[in-house]
Amino acid sequence: MTHSRRGILKGLSLGAGGFLLRPLLRQVQLQAEGDPRALPSRFVFVVKSSGIVPDGITPEAFKGKEASPQLFDQDLTKVALPASMQALNPFKDQLAIVQGLSGKMCRGGHSSYFGMMAAYMTGGEFDAGTVVRATADAELAKLNPAPFNHVGLAVKGKALSKSYGGTMYPGITAVGPGKEMPFQGSPDVAYEQLFGSAVSATTSGEKRFKLQRNLFDFMVEDLKKVRTAIPSSEHGKMDAYLNSFEELQVRHSKLAGMNEQIKANAPAFTDKFTAEPEEIRQEAHFDLATAALIAGLTNVVTIRLDNVNMTYKQLGIDKHNHGIGHNEGTKTQTEYRDIIRKHHTELLATMAGKLKAVPEGDGNMLDRTMIVFVSDSGDAHHGSCLEWPYLILGGASGKLKLPGRYLRYPKYGEKGCRTIADWWTTILNAHGNPVEFFGNEDLVLKQNGISHAGALQELLI
Amino acid sequence: MTHRQRMITRRRTFGFVGLSILSVAICSAQTARLRAPALLSTTDVFDETVKPFLRKYCTRCHSKTKHKGGLVLSGISSDLANGRDLDAWKGVLKQLVLDAMPPAKRRQPEQSEKDAVIRWINTELDKSGNASDIYSKLESPTFGNYVNHAKLFSGDVQAEPFSPARLWRTSPNVFDTVKSSYGGDTRHLRQPFLLEDKMGIKDYANLLFADSAVVNTLMGNAGTTADHLIKTKYSAIASADDTPDKTVIDPIITKHFKRVVYRDCTESERANYYTLFEKAARDGGHAEALRIVLMAVMLHHESVYRLEIGLGAEGSEGRRMLSATEMAFAIAYALTDRRPDEALLEAARNGKLRTAEDARVQVQRILEDHSIDKPRTLRFFQEFFGYAQAHKIFKDEKRSGGFAYYGENYPRMYERDADFFVMHILEGDKDVFRRLLTSDEYFILNRQTFRNTVYDFYKANQQQLDAGEYSEAKQQELLERLGLRGWHELNKKYFLHKFNRGFNGSIRAIKQIAKECKDWKNWKKHKDEQFLLHGMQPLYKKYPMVYDLADDEQDFLLPQPYKRPNRAGMLTHPAWLIAHSLNDGTDPVRRGKWVRERLLAGVVPDIPITVDATVPEDHSKTLRERFAVTEQQECWRCHVKMNPLGYTFEMFDDFGRVRSEEKLGDGGSKAINTAGNLQGAGDEQIDGAVTDALDLIHRLAKSNKVRQSIIRHVFRYYMGRNERLSDSKTLIAADKAYLESGGSYQALVISLLSSDSFLYRKQLDQASGDSK
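Here the protein sequences come in this chain order: A and B.
Residues in the first sequence are numbered consecutively from 1, following this note's numbering.
Residues in the second sequence are numbered consecutively from 1, following this note's numbering.
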């Protein structure tokens with residue numbers, strides 16, 4: 001697979017690149033030359049609603065032993081995972097659980113919105129608020145360019161919204177100040193967008209892709225003519241517009257050139273991609289994400305898995321997540337959560353398995369992937385922000401000392417306690433963004449003389 | 001135009017290309033044109049001109065032995081391509097362009113000497129593939145004050161004012177009002193034209209581009225709109241078996257073009273679109289082809305950039321007036337967020353938009369017509385004062401003693417209060433700037449204010465209203481109480497709950513509000529009319545604290561404002577104080593910088609990169625005491641411009657509450673010191689020691705320079721650019737119009753929008769650097 005892919009990449013024209021595609025093309029070139037350092041790092045952020053209850057992902061062996069003022073650092077591979085997480089057993093050496101990081105610089109409640117991955121307070125009950133900076137997932141996408149720099153797939157929108165399907169704005173990812181990233185909610189549309197250049201569910205899909213070229217060519221020709229009629233001092237502005245279409249032409253050619261690679265990896269279009277039930281839609285999104293990663297169409301995917309308004313009917317659950325969070329229904333909250341967690345970890349395991357099956361460099365694709373499972377309301381249905389559990393799957397490109405570890409940071413307010421801003425700083429630093437501190441500081445910790453602002457050194461290689 | 005200005009102009013386009021993310025190909029093409037003619041070899045120029053210049057004016061301080069500021073210019077390499085002294089040369093260029101070096105007390109070079117050195121550095125930078133960012137910086141709002149204030153208002157400048165012929169990217173607000181006319185489903189349209197969310201005036205023509213981020217959003221918008229149109233309007237055409245011909249497609253193009261571009265499509269434009277349709281139809285069928293054509297129209301460059309070329313009558317000094325259509329758009333976008341209204345378009349069609357007087361008539365008409373929404377007026381004050389940034393400063397709730405953040409964002413609501421403060425003064429339109437700076441009449445509103453006021457009105461008139469009696473005079477009374485000219489203004493002025501937005505002042509609507517009040521759970525609990533009307537909801541309990549009010553000290557009903565002691569205008573308004581504070585403390589430096597730059601037309605250089613700007617921790621000292629570090633000689637050179645102004649605001653804490661003591665880190669407290677010093681107002685009566693912020697502000701409000709400095713900012717806002725010396729006549733006339741009208745903001749705006757700076761354009765040719 002990797003060899004044939006290299007061949008295709010080599011065949012791409014490198015001369016025609018617009019400025020924005022340059023880093024991408026440079027990387028493509030290095031990859032084509034077989035330089036392992038040039039292999040991309042991949043990221044999948046799986047964002048669930050209603051919190052990840054810390055106890056639910058804690059192995060039985062560690063329960064009750066962790067109320068320590070020091071960092072609780074254990075070998076995860078030596079203990080049994082909770083029953084609801086058995087699907088992850090084959091990947092234990094590539095699994096990490098990080099607990100105890102606080103996020104008090106964020107809004108709690110049903111969703112911390114962009115705060116979850118950008119560490120600041122924003123939003124209200126129904127409103128995601130202001131975007132002050134790009135979120136960490138988007139920053140990582142900038143470092144690992146691909147034809148689709150960052151793919152957002154969503155089953156549901158904002159915490160309490162009813163939106164389903166189509167373009168959605170769940171309020172969790174932003175590409176820059178004021179720029180929220182749109183998510184695609186309809187798997188069939190996402191399928192067209194990602195794979196439509198080579199394979200298409202509908203005849204119009206491939207046609208549409210080919211016809212886009214007509215539009216780009218038209219715009220480029222038209223703008224070139226317009227350029228001559230405006231003062232030369234203003235050419236720069238018109239050129240910015242013109243060049244953007246030239247870049248789209250290049251991406252179009254690139255995708256056309258990746259035809260075989262896309263064909264080989266695109267999932268077969270089945271009714272899974274048009275099915276209505278949410279659980280099937282989740283599967284569809286996972287399939288799309290995995291295939292897009294393997295085909296080299298993207299290196300970063302963020303999946304909005306559900307929201308509090310959603311009911312896992314196919315799993316036999318009779319209450320929506322909001323009701324479960326408020327202890328409604330026929331079962332206990334813990335029972336409900338176990339059922340849902342089992343389903344989620346199976347989705348993660350399937351994705352990990354597929355990536356592991358693809359050789360890459362000296363290992364496989366999972367080695368260079370970091371799947372982060374997280375909730376936009378942190379530790380509970382109404383997030384307290386006192387701690388923010390993370391479940392990490394994959395080798396993280398060997399850039400973080402995470403695989404196989406169970407970590408619990410000291411409680412909020414204890415000396416040595418750390419925050420999610422430190423966590424995102426760590427991940428960004430490890431992958432080449434030298435930011436000294438990403439996000440907002442926790443002022444209460446700061447005032448109490450607990451210094452925290454910086455990367456988690458124990459995780460850095 | 002002075003020679004220096006010409007040099008700046010000459011380099012400008014290159015500068016902004018450097019700012020943007022354009023391809024290298026474009027940059028190098030421009031640098032080629034900008035290279036100076038090489039009459040002498042550059043080494044000769046260096047030896048004969050530059051080296052002696054350095055020796056004469058620079059190396060006395062910047063030598064190997066003295067190296068002031070860490071800079072050594074003796075023995076500097078003339079080979080910029082080797083990169084060793086590149087930064088040093090960029091530094092030299094910047095100092096010369098900004099007239100910052102040599103220091104004023106030293107011998108000054110002739111302009112021609114400086115120009116020769118500037119030219120040599122630019123040529124060498126170009127050759128080595130580098131560029132200085134100083135020219136693009138000069139175009140940015142933060143560098144506006146580098147144009148000499150005294151010269152600008154001296155009356156000595158005889159140049160005829162103009163704006164450069166230009167493209168100006170569509171503003172986000174215009175997009176918001178225009179999008180509904182595209183014919184698609186507006187819920188699926190996203191904002192393509194974002195502005196950087198920062199302090200100050202944001203919408204500058206030269207700084208905004210339609211880059212690939214903009215295009216990505218536009219493509220999405222175009223696709224969804226085309227889909228929607230085909231589904232709702234053209235489904236029969238799309239699903240027909242035969243490919244429709246020109247007679248079917250042309251009207252669709254014509255109509256869509258008018259919707260998007262807001263003018264008639266030319267014959268050749270229509271033909272181009274039809275050719276695209278034919279080609280696409282051959283490749284992929286007519287349904288998809290129709291989609292592509294609709295998208296192409298949506299992406300027309302005139303929906304992205306407005307063109308202000310100057311297509312009207314020729315004027316003196318190579319200037320051309322805006323054409324009637326250009327003028328209609330320019331006036332509409334200066335005052336409103338909408339395209340030109342029918343009256344403007346009609347004036348344009350009938351030859352009534354040709355002169356400055358024509359412009360004046362239209363501007364006055366729009367300003368005086370209260371049915372026309374003019375959000376740009378308030379937006380100027382939001383951007384100028386920067387108070388609308390308060391919600392971004394995160395305050396620790398605990399430290400405040402109950403400053404609620406959760407749910408409702410208090411600072412966001414204080415910003416609204418500040419809006420009301422501004423609107424109230426603008427409604428009077430007398431002595432506007434002085435009142436903005438000194439008025440102690442504040443509005444304090446919460447989400448309940450509107451509803452409670454209506455309820456209070458109902459209680460006072462319950463008998464009549466219940467009997468269905470509701471006189472014209474009574475209706476007027478309610479409107480006046482709410483500060484409205486008509487019910488159409490309701491939602492422009494108040495951010496109401498969704499279910500109150502349809503309020504129309506009728507008896508039924510009033511009774512509905514009364515019912516809502518009685519249904520409110522706290523009413524049910526307390527059954528206390530007093531509590532209902534005169535208390536804050538628990539959620540807003542601590543809201544009044546920043547106005548030095550106890551929880552239930554005021555009833556907060558309309559009409560307002562309230563007089564607040566120890567306050568003077570916007571700079572003591574909690575919204576401004578919070579916006580200009582730190583998360584956990586006040587910010588005398590930034591406040592001082594604000595006053596220096598916005599009110600005193602002063603210049604404070606960027607903080608040197610070598611400076612680690614941290615205030616030492618010492619829990620036994622006040623912030624001001626800890627700021628003593630800035631009084632060291634090398635710091636004080638700049639800090640003297642800011643600190644003595646900013647310290648006066650220490651009479652308020654960082655939430656905006658008046659205080660006499662500062663709480664210290666060690667748990668104790670100390671009396672605050674609010675003494676400061678005002679220098680630079682250029683008036684002996686005004687300059688001098690001040691006791692506190694109130695004293696400072698009342699002096700500032702009397703200053704001519706302060707008034708003129710605000711007018712310079714108004715100019716920048718409406719022109720979308722920094723002023724040049726050649727705008728001198730416009731600014732002097734605007735100042736005069738303001739003074740003669742007794743401080744009317746409207747009169748000021750009318751003067752600016754009928755000025756040559758607003759109405760004339762001049763093509764600046766980058767090749768020669770001179771205007772054509």
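Please keep in mind that the hints were generated in silico from the structure rather than gathered at the bench.
Hints are not guaranteed to be accurate.
Simulated restraints, written as ranges between beta carbons of each label pair [to be verified]:
1. B:ARG338 to A:GLY398: 54 to 60 angstroms
2. B:SER180 to A:LEU143: 36 to 42 angstroms
3. A:LYS224 to B:ARG338: 29 to 35 angstroms
4. A:LYS411 to B:HIS619: 24 to 30 angstroms
What you are looking at is a predicted structure, and each value in this text was computed from that prediction instead of being measured.
Cβ atoms here follow ideal geometry from the backbone N, Cα and C, with glycine treated the same way.
Hint check results:
The beta-carbon spacing between B:ARG338 and A:GLY398, approximately 56 angstroms, falls within the hinted interval of 54 to 60 angstroms. Taking 36 to 42 angstroms as the suggested C-beta distance range, the pair B:SER180 and A:LEU143 conforms, at roughly 39 angstroms. Distance hint for A:LYS224 and B:ARG338: a CB-CB separation of about 31 angstroms, consistent with the stated range 29 to 35 angstroms. Range check, A:LYS411 to B:HIS619: Cβ separation about 26 angstroms, and the 24 to 30 angstroms hint holds.
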